[in-house]
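Each chain, letter by letter, is given below.
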Amino acid sequence: MGRDFIQGADWAVVGLVIVGALTQLSAAWQFLLVGVHSVRNHYRACAPVFPRTAILIPAWNEAAVIGASIDRLMSLEYPKDALRVFLVDDASTDQTPQVAAAKAAQYPGQVVHLRREKGGQGKAHTLNHGLAVILADDWMEALLITDADVIFEPDSLRKMARHFADPQVGAVTAYIKEGSRPGNYMTRFIGYEYITGQAAARRAQNVLGALACMAGGAQLHTRANLVTLGGRIDTTSLAEDTFTTFQTQLAGRRVVFEPHARVWAEEPGSIGALWKQRLRWARGNVQVTIRYRGIWFRPRRGHHLGGVTFGLSWFCLFLQPVFMIISSAALLTVYFTDTPRAWLAFRLLWNVNASAYIFTTGYALLIDPQIGRHAWREAIMFPGLVSLAMIGYASFPGLLRDGLDQLFAVTHRPAVGPHWGWLIVGVYAWLTASMVIAYLAKLAEPTWLGRFISPLLLFIAGYGALLCACTFASYVKELRRAEMTWDKTEKTGKVAIPT
Amino acid sequence: MIDQGSQRRPAFQREIRSALRYEEGLVVKALVVLIVVAAIAILRTLYFA
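Chains A and B supply the protein sequences, listed in that same order. Throughout the first sequence, residue numbering follows the working numbering, covering 1 to 499 in sequence. Throughout the second sequence, residue numbering follows the working numbering, covering 1 to 49 in sequence.
Only chain A is shown next, with the shape it has when bound in the complex (with noise of 0.2 Å):
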């Protein structure tokens, strides 16, 4: 009894070598539920209205964007008489008050400028001093939030207002695109991580009908629905956009992700850029996280946040550090207790792996076949070189037998050398030493050398990797209780939409 005890002990250990591999695989769901947007989706409900839409910019020194905007604004296929922009410029120490006053006089009564004097409070608080001007009065029937560098495409807000005729639609909001032109690597990766992480997550979030978050440059509200939300946007969290988006839900008001509206952003071109961002938005993620603690995995009546397949995507994000520490750490375990198993479930983490990279990488691409051909190096290389490798070596190890495998299998010999045996242990610990890497590459960014070594590391750790060790980062500032500052991310006027 004690040694089935021992075994089983030993294949639970293998067990947790797999949830490496949960995140690939509610990736690799969701993009299965994208093919079922064809059929569940929530065009038969659309119809062409154009309700009175205020157009809400926060702007914070946006002088070299917001006069742009405000004109391709202007000219959206949109009733002119329905539309109106508000510009809330939050302290601004540039030009911005001297554009906005311009735009304001050449399109009287359209556009019109509201100055804080005190800002840098964050976006919420800025939105929000727009929000109480608008909703005083009663023009307004939908409000459209969005950034000052946001370029929408002239029939987007046409294509996002149709869903209105759905009484029950409190908000839509479109497919951001990163414009960047001529981008970097950066910009491309986050070029292909936007159409999976929106055109296919969002598309599957349609279905189960439950948006986890709502584009923070591109969301229409119906006036009922900022009503209900009583007016303000949270200004308690660092992730407004996903509280406002759980909110309209919880108040049982459906979220509609319109894939064909789209619109396109400058996003971060650096590593040291898009952490500050994104430890922002994972900040934000754990906020809303313990917030609504209540909701998950509690299915009820009138929003569908507490779905099994929603919680299980959302947490399978949310809690991906923590899964690849523990595969690592099993697959350590086995390695140091029971060498041959530790063999078999390296190969069964990265088969599942491979798997899911090839089904997930090719259908992304796909999907969005504008991007993909922008981005395609970055999509392979979305999960690193070392990563790859793997997934090569799992997929194909007979091709590779006379390499790697000879030195798996080398390695695995009672009597190994103590280097094979460290580079064993290296392989194995991989998942959490890739975040430990890629970690080390927004270290040395700013240093004589980041230049070139930097991206290196990160084509090396991958670009998930990146994003995982920044997620871990959200946890530590977060139980550290550390200060939330609004880190504004630099806007340069870049993007354009390409023909």
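The hints are simulated quantities; they were obtained by calculation from the structure and are not laboratory data. Remember, predicted model here, so these are calculated numbers, not experimental data. Heads up, a few of these hints could be off.
[Stated by the list, open to error] Quick look at which bits of chain A chain B covers, simulated, 3 or more residues with Cβ under 8 Å:
1) 30-39
2) 43-54
3) 351-362
[As the list claims (entries may be wrong)] Quick list of simulated restraints, FRET-style, between CB atoms:
4) B:Leu43 / A:Ala273: 40 to 46 Å
5) B:Gln13 / A:Arg40: 19 to 25 Å
6) A:Val436 / B:Ala41: 30 to 36 Å
7) B:Ala11 / A:Gly294: 44 to 50 Å
8) A:Asp71 / B:Arg21: 31 to 37 Å
9) B:Arg17 / A:Gly8: 53 to 59 Å
10) A:Val133 / B:Arg17: 35 to 41 Å
11) B:Arg21 / A:Val322: 40 to 46 Å
12) B:Tyr47 / A:Pro299: 44 to 50 Å
13) A:Gly392 / B:Val27: 26 to 32 Å
14) B:Arg9 / A:Ile497: 26 to 32 Å
All residues carry an ideal CB built from backbone N, CA and C; glycine is no exception.
Given the coordinates of chain A, work out where chain B should sit on it, guided by the hints.
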């Protein structure tokens, strides 16, 4: 709410049909990628395992 349904409905219907066609195309693309994954798995099992 401005409802310009009557004059815009044909264009609107075209857009909805186009969106639905795109979504249906995604089902075909998913099947193609799944077939590729299955082919790789079979190749691997038969020849490279």
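A quick look at each hint next to the structure:
Evaluation of the coverage hint for the stretch 30-39 of chain A: fulfilled, as 6 residues show C-beta separations to chain B shorter than 8 Å, against a requirement of three. Three residues within the 8 Å Cβ limit are the bar, and the stretch 43-54 of chain A against chain B gives 8, so the coverage statement holds. Interface restraint, the stretch 351-362 of chain A with chain B: holds (4 residues with C-beta to C-beta distance below 8 Å; minimum three). Range check, Leu43 (chain B) to Ala273 (chain A): about 42 Å between beta-carbon atoms, so the 40 to 46 Å window is met.
Judged by the Cβ atoms, the range 19 to 25 Å given for Gln13 (chain B) and Arg40 (chain A) holds: they are separated by roughly 20 Å. Hint check: Val436 (chain A) to Ala41 (chain B), Cβ distance near 32 Å, so the stated range 30 to 36 Å holds. Distance hint for Ala11 (chain B) and Gly294 (chain A): a CB-CB separation of about 45 Å, consistent with the stated range 44 to 50 Å. Checking the proposed 31 to 37 Å range against Asp71 (chain A) and Arg21 (chain B) shows it holds: the Cβ atoms sit about 33 Å from each other.
Here the CB-CB span from Arg17 (chain B) to Gly8 (chain A) is close to 57 Å, well matched to the stated 53 to 59 Å. Between Val133 (chain A) and Arg17 (chain B) the Cβ separation comes to about 40 Å, which falls inside the hinted range of 35 to 41 Å. Between Arg21 (chain B) and Val322 (chain A), the C-beta spacing of about 42 Å keeps the proposed range 40 to 46 Å intact. Tyr47 (chain B) and Pro299 (chain A) have their C-beta atoms about 46 Å apart, which keeps the hinted 44 to 50 Å range intact.
At about 29 Å, the CB distance of Gly392 (chain A) to Val27 (chain B) agrees with the hint of 26 to 32 Å. In this structure, Arg9 (chain B) and Ile497 (chain A) meet the distance hint of 26 to 32 Å, their C-beta atoms being roughly 28 Å apart.
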